[in-house]
Amino acid sequence: MKILLAPRMERCIGCHSCSLACAREVHRRLSWDTVGIRIHSSGGLSTGFEARTCLACLPAPCAAACPTGAYSQRRGGGVIVRKKLCIQCGSCAAACPVDAIYLDAAGEPFGCLHCGKCVPYCPHGCVEMVERQREPAPGQPGQEAEAQVAS
Amino acid sequence: MIRDHFRLLKVDLTTGRGQVVTLEGRDLVAGGSGLAALIYQQFGKPAAPWNDPEQPLIFAIGPLTGYFPLMSKTVLGFKSPYHDQYAESHAGGRSAVALRFADLDALVITGKAARPSVLSLGSRHLRIREAHYLWGMDVHAVGKYLRRKHPGSGHRSILRIGPAGELGSAMAGINVDSYRHFGRLGGGGALGAKNLKAIVIQGDGNFPLPEGRGYARLFTEVHQKLTQTTMMQKYHNLGTPVNMGVLNDLKALPIRNLRETSAPDISGITGERFAQDTLLRNMACSGCPVGCIHLGFVRERFHSDHRYYFRQVSYDHEPIFAVGAMLGVTDCFHVLDLIDVTEKMGLDVMSAGVALAWAAEATTHGVISERETIVPLGFGDAKNFETALRHLGQGANDFYRLLAQGVAKAASYYGGQDYACVLGQEMGGYATGEVFFVSQALGFRHSHLDSGGYSYDQKHKDRDVAQALNFLVKDEEGRVLLTSMVACLFAREVYQEELLAACLNSLGYGTMAAQLPELSRRIQQLRWQTRLATGYDPAQVKIPKRFTEIQTWKGPLDREYLETLRLSYARRIKELALEAASGHAG
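First to last, the protein sequences are chains S and H. Quick note, in the numbering used here, the first sequence goes up one by one and the last residue is 1542. Quick note, in the numbering used here, the second sequence goes up one by one and the last residue is 1013.
Hints may be right or wrong, so weigh each one.
[Said to hold, decoys possible] Covered by chain S, per the in silico footprint, the following chain H stretches (three or more residues, Cβ under 8 Å):
| id | stretch |
| --- | --- |
| 1 | 430-439 |
| 2 | 572-583 |
| 3 | 633-640 |
| 4 | 712-726 |
[What the hints assert, rightly or not] Computed spacing ranges between beta-carbons, pair by pair:
| id | chain 1 | residue 1 | chain 2 | residue 2 | range |
| --- | --- | --- | --- | --- | --- |
| 5 | S | Glu-1441 | H | Thr-975 | 53 to 63 Å |
| 6 | H | Gln-942 | S | Leu-1476 | 46 to 56 Å |
| 7 | S | Glu-1441 | H | Met-658 | 29 to 39 Å |
| 8 | H | Gly-452 | S | His-1431 | 49 to 59 Å |
| 9 | S | Glu-1441 | H | Arg-444 | 32 to 42 Å |
| 10 | S | Glu-1519 | H | Leu-553 | 38 to 48 Å |
| 11 | S | His-1431 | H | Phe-729 | 24 to 34 Å |
| 12 | S | Ala-1496 | H | Lys-661 | 41 to 51 Å |
| 13 | S | Gln-1479 | H | Gln-655 | 38 to 48 Å |
[Said to hold, decoys possible] Far from chain S by the CB rule (all over 12 Å, computed), these chain H residues:
| id | residue |
| --- | --- |
| 14 | Gly-493 |
| 15 | Gly-538 |
| 16 | Gly-672 |
| 17 | Phe-826 |
| 18 | Lys-886 |
| 19 | Val-900 |
| 20 | Glu-904 |
| 21 | Glu-924 |
| 22 | Tyr-936 |
| 23 | Ala-997 |
| 24 | Gly-1010 |
Just so you know, these hints were derived from the structure itself, not from any lab. Because the structure is a prediction, the values reported are computed rather than measured. Where a beta carbon is used, it is the ideal one built from N, C-alpha and C, also for glycine.
Kindly generate the complete structure, drawing on both the sequences and the hints.
Below, the structure written as structure tokens:
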């Protein structure tokens, strides 16, 4: 299964088109935050922008931390989200090692679903959908579920 | 959020309290330019001076802000220290989308803080913090401190002033997110008069979208039009500096205080030269996939052992014209150095450059000397101009403090009015002819963007006053509609009336969409009514002699055409204001 990667962020101009597309196309909202890919400015040596987005962990710590099954392992990395099962405890966001899950004011989590809907809106090809190259972490086989967006 | 009214946050710096205000009139004025004028009529003090603490600073966005690409500008409405009249200045960056996500249609700031302060706000917070330690800091330094103090990098907008704004300079701008500006007419001075060093807007809210797929489909169509056609190519390729070579070839580039309109040494500061030698990267305003912001680099060797530091400086046609061509500085790295100093001081680069160009010429005529300018000023002397920009920003002596109130004021005191390149305020970077000169001299913002006069000059050889007048009024009317949505004017070819109506309809603003011609006329009239109520008399605006002495590709300027058009446009502006009073928008 393909996953979303942001391999060319050095080209990013900070237009937020990806974030706004995710909000619009996936979550049906207008937002910079309640999205699966958030763009922040990066200071220091890089002096450009960075993408906060899911790295498609396999296994995914957020899925392991979810106490209700709202987050479950996606085949190929990342998670499948079933919003109806979510109790807004925030465990997923706390477990994410790269701060890729955003909790809104009510505690609802927003993360990347690896659907790729943001990709066509990036004017510089910073993000893309690719077949996963890495093997699952040793001793942690990925589960066999299909990707889906459930609400 | 989509709503049939306006939601304002009114912050009183005197009391330190804010108030959420609901204002009716969405279908009457849309937002942006229209909303700012409406709010000024409601809360402004037309008869009081610009620095009266009760004068409001109004930051307004529009119904399409954040919902469609390039709907990325904020309109600032305020009483200007430049002419003590109602004015507008526009800026991009993240300010517009941040205001949208702070769930505000406008931020209105009144009162005066007891001590230097920073205002921070978002969808769920409002704080005014005392910040005396930031006073006196340059724009870059204060940005660094504020970024450290306020979380949310990339999702916030930081507006701040430099030393020029603290002094109430009429040439002080408000820096937005390092590389954009409310540059013209002294917005920075107005903020400084309120003891407000900076505003941090956190865009931390989110909103549901309209039901159905209509909106998302239309967004995709607009996005594709902007990114998959060549319509915006000139803006992200060389950017606006492409004009430098084009205007120079046309004999329409103001050079060395407009003593020339074309010169061979301009080849050192063309858009092509900047791109080849200095361009480091591009940036975009939030919600704009075009990325027209061009950042050049300058490096400085500070030690003989090859030790350097480098800076990133945004460049455009206007700054290059102002501190390059007008000052006779024709090395692109020297131009970036000068732009960088104006950034740090928080000066409007266009006014500052044109002001020093006047000072350099006044020096040659013996009108002023080193006694006034502290360092000798001569065309091409980048190093001394750099020092002079610091003096101008910091108000180093009486001369620089007066010059910072506008070249016209300095020239009326010292002399040299004939060659003061002032068209309402210091001129923009076009010497295309009569229609542009009248457009900027009398136009609402005294900006090269009030209408496309520079374009009209290039397309029309006839000197038909009625036709030119009709163009000025109709073109302004169209632009006012865009600046009420609030669109970047670079997208004016894309957002034609039909598309604007479709965008508004997709968000549920059907009433507005059905009456766009009436809406734009109403806003145009309302703006002029608001301006004239604060004392503007367009018939009193003079166009200095220097503008009548130029040669363009069309030959010498036609003084009679210029004067007739000036008087006709002044009359028409007064009529537009009266039509607002009579409610005539049909």
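Checked hints:
Under a criterion of three residues with beta carbons nearer than 8 Å to beta carbons of chain S, the stated coverage of the stretch 430-439 of chain H fails, only 0 such residues being counted. Evaluation of the coverage hint for the stretch 572-583 of chain H: fulfilled, as 4 residues show C-beta separations to chain S shorter than 8 Å, against a requirement of three. With 4 residues carrying a beta carbon less than 8 Å from a beta carbon of chain S, the stretch 633-640 of chain H meets the three-residue requirement, and the given coverage holds. Residues of the stretch 712-726 of chain H with a Cβ under 8 Å from some Cβ of chain S number 8, which satisfies the need for three, so the listed coverage holds.
Take S:Glu-1441 and H:Thr-975: their Cβ atoms lie about 54 Å apart, and the range 53 to 63 Å holds. In this structure the hint that H:Gln-942 and S:Leu-1476 lie 46 to 56 Å apart at CB holds, the actual value being about 48 Å. For the pair S:Glu-1441 and H:Met-658, the supplied restraint of 29 to 39 Å holds, since their beta-carbon distance comes to about 30 Å. The supplied range of 49 to 59 Å is broken by H:Gly-452 and S:His-1431, whose beta-carbon atoms lie about 37 Å from each other.
Between S:Glu-1441 and H:Arg-444, the C-beta spacing of about 37 Å keeps the proposed range 32 to 42 Å intact. In this structure, S:Glu-1519 and H:Leu-553 meet the distance hint of 38 to 48 Å, their C-beta atoms being roughly 41 Å apart. Between S:His-1431 and H:Phe-729, the C-beta spacing of about 31 Å keeps the proposed range 24 to 34 Å intact. Here the CB-CB span from S:Ala-1496 to H:Lys-661 is close to 42 Å, well matched to the stated 41 to 51 Å.
Separation of S:Gln-1479 from H:Gln-655 is about 40 Å and conforms to the stated range, judged on CB atoms against 38 to 48 Å. For H:Gly-493, the condition that its CB be more than 12 Å from all CB atoms of chain S is violated, with the nearest at approximately 6 Å. Every beta carbon of chain S lies more than 12 Å from that of H:Gly-538, the smallest distance being close to 29 Å; the non-interface claim holds. Chain S leaves H:Gly-672 outside its interface by the beta-carbon criterion, the shortest separation being 25 Å against a cut-off of 12 Å.
Every C-beta of chain S lies more than 12 Å from that of H:Phe-826, the closest at about 38 Å, which supports listing it as non-interface. With a least beta-carbon separation of about 31 Å from chain S, H:Lys-886 lies farther than 12 Å from that chain, consistent with its non-interface assignment. With a least beta-carbon separation of about 34 Å from chain S, H:Val-900 lies farther than 12 Å from that chain, consistent with its non-interface assignment. With a closest Cβ-Cβ approach of about 29 Å to chain S, H:Glu-904 is found to remain outside the 12 Å limit, as its non-interface label requires.
No Cβ of chain S comes within 12 Å of the Cβ of H:Glu-924; the nearest lies about 24 Å off, and the non-interface call holds. For H:Tyr-936, the condition that its CB be more than 12 Å from all CB atoms of chain S holds, with the nearest at approximately 15 Å. Non-interface call for H:Ala-997 relative to chain S: holds, since the shortest CB-CB distance, roughly 41 Å, exceeds 12 Å. The non-interface label for H:Gly-1010 is consistent with chain S: the shortest C-beta to C-beta separation is roughly 35 Å, beyond 12 Å.
Violated hints, in rising order: 1, 8 and 14; the structure is consistent with all others.
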